[in-house]
Amino acid sequence: MNQSYDTSKKIRHLLAGIFTLSLGASLIWLILEATGMPLTPDLGYVMNSVGDTGSINVVTAILMDYRGFDTLGEASVIFTSVAVTAAILAEPVFTLERPILSIITRRAIAYLVPVFFMFPLYVITHGHLSPGGGFQGGVSLAVLVILTHVVFGHNLAMKKIPFSLLTMGEYWAALSFGILGLLGIFTGVGFLANLATGVPRGIPGQLLSGGLIPVLNLIVGIKVAAGLSSLYITLEGNPRRKK
Amino acid sequence: MNPQIPVFITAALVWAIGIYGLIIHRNMIQICVSLSIMESAVIILLVGLAFVPGGSAPILDGHTGPFADPVPHALALTAIVIGAGFLAIALSLTVAMYRKYGTADVKKLFPWDETQ
Amino acid sequence: MNSLGEYIALIIILACLVLSALSAVLIRGQITTIIVLSVFSVLCAVLFAMLQAVDVAMAEAVIGAGFLTALFVTAADKTRGQGS
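Chains as they are written, first to last, in this note's numbering: chain A, 1 to 243; chain B, 1 to 116; chain C, 1 to 84.
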């Protein structure tokens with residue numbers, strides 16, 4: 001029985017390999033055929049972005065100004081992911097445990113953590129000037145929360161960064177994103193309008209420029225950081241025992 | 001020399017490798033790894049489409065010249081963050097399955113199936 | 001992408017990308033698979049930085065090599081037992 005099981009497994013892997021090879025070859029042919037067609041990049045965004053938005057990073061200008069509504073949808077996807085994970089796994093509970101790392105490592109990392117926070121804050125606040133933005137800086141902040149959990153143990157980390165703070169951060173960031181979008185409707189322009197609402201533009205290339213774009217970057221950073229770190233905490237915790 | 005053609009071929013190969021892993025594996029963690037590889041292949045394809053020969057990154061800090069197309073970059077950025085969200089849901093389903101059935105192996109959920 | 005040297009470097013990175021994806025699928029052992037997936041993400045980030053997409057490179061490096069690795073290791077630790 002074991003012999004026939006191994007044989008059927010080999011046959012299955014061979015069939016999967018043949019199927020995958022034919023699929024990959026046809027995909028290569030399809031992509032090369034499709035990209036052989038003439039395709040001109042749309043340079044309107046690159047030409048007009050500094051005049052329209054005041055942000056010199058065109059990707060941030062598209063994400064936060066031209067397609068701000070898509071960013072709101074993406075933020076709601078993160079919100080849905082957190083809600084579904086919290087519904088599948090129960091509320092996290094951590095039992096008492098000893099920290100894994102030694103005391104020297106913990107003290108050294110405790111002195112280094114404020115330095116670690118400089119990088120995500122720089123990335124978030126300079127999102128319209130240099131590569132980066134709300135998403136990248138927010139994920140870096142979430143990784144720092146995971147670092148405190150791994151190094152200092154779950155109980156101390158949950159005491160310093162409580163789970164309710166993360167949930168409230170997610171909730172209020174989503175709400176304030178919508179309220180900032182309503183600012184455009186009250187001034188008669190449209191949902192999530194940026195410079196047309198009358199906010200000052202600033203000089204492009206300086207830190208305070210781009211109208212609402214730095215504020216939106218900050219909100220998206222808080223939202224992504226809170227959402228992804230609460231995903232990790234929900235996955236890491238044990239389920240509450242039934243009494 | 002245009003580097004777009006080898007990038008497209010690599011994207012198709014990596015996507016096919018992800019499909020292969022999705023077929024041959026029965027463990028949920030490895031299925032999630034294969035899903036992550038397939039998602040990366042799509043992002044490689046998007047970034048390769050946005051490439052402009054002789055251009056530079058779309059940050060307008062003074063220099064002129066051709067720039068890469070910024071719209072696929074924004075799309076790829078959105079896709080990466082959403083991919084992290086759906087992988088988190090898949091992994092939490094794996095953990096819930098382990099809590100209920102005591103295994104992360106899809107094969108062991110169907111013990112009456114002799115052919116697998 | 002102007003000189004021949006950059007082109008050769010791109011080809012080498014693409015070959016390493018395919019090799020790391022193949023080994024992430026074929027290697028046995030969950031932790032090894034996850035670490036090889038992290039290496040794959042870092043190689044993806046280098047490729048994106050070469051292809052003029054610096055924002056995407058930063059996002060892929062932070063999410064793929066930092067956040068998803070922690071999530072995968074946590075899930076592998078939670079499902080470790082006699083079943084898998």
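Any given hint might turn out to be false.
[What the hints assert, rightly or not] Listed next, the in silico DSS-like pairs over lysine-lysine satisfying Cα-Cα at most 27 Å (straight line):
id: 1; chain 1: B; residue 1: 107; chain 2: A; residue 2: 10
id: 2; chain 1: A; residue 1: 10; chain 2: B; residue 2: 100
id: 3; chain 1: A; residue 1: 10; chain 2: B; residue 2: 108
Hints are computed from structural coordinates only; laboratory data are not their basis.
Against the structure, the hints come out as follows:
no. : hint         : verdict
1   : B/107 / A/10 : holds (16 Å)
2   : A/10 / B/100 : violated (31 Å)
3   : A/10 / B/108 : holds (19 Å)
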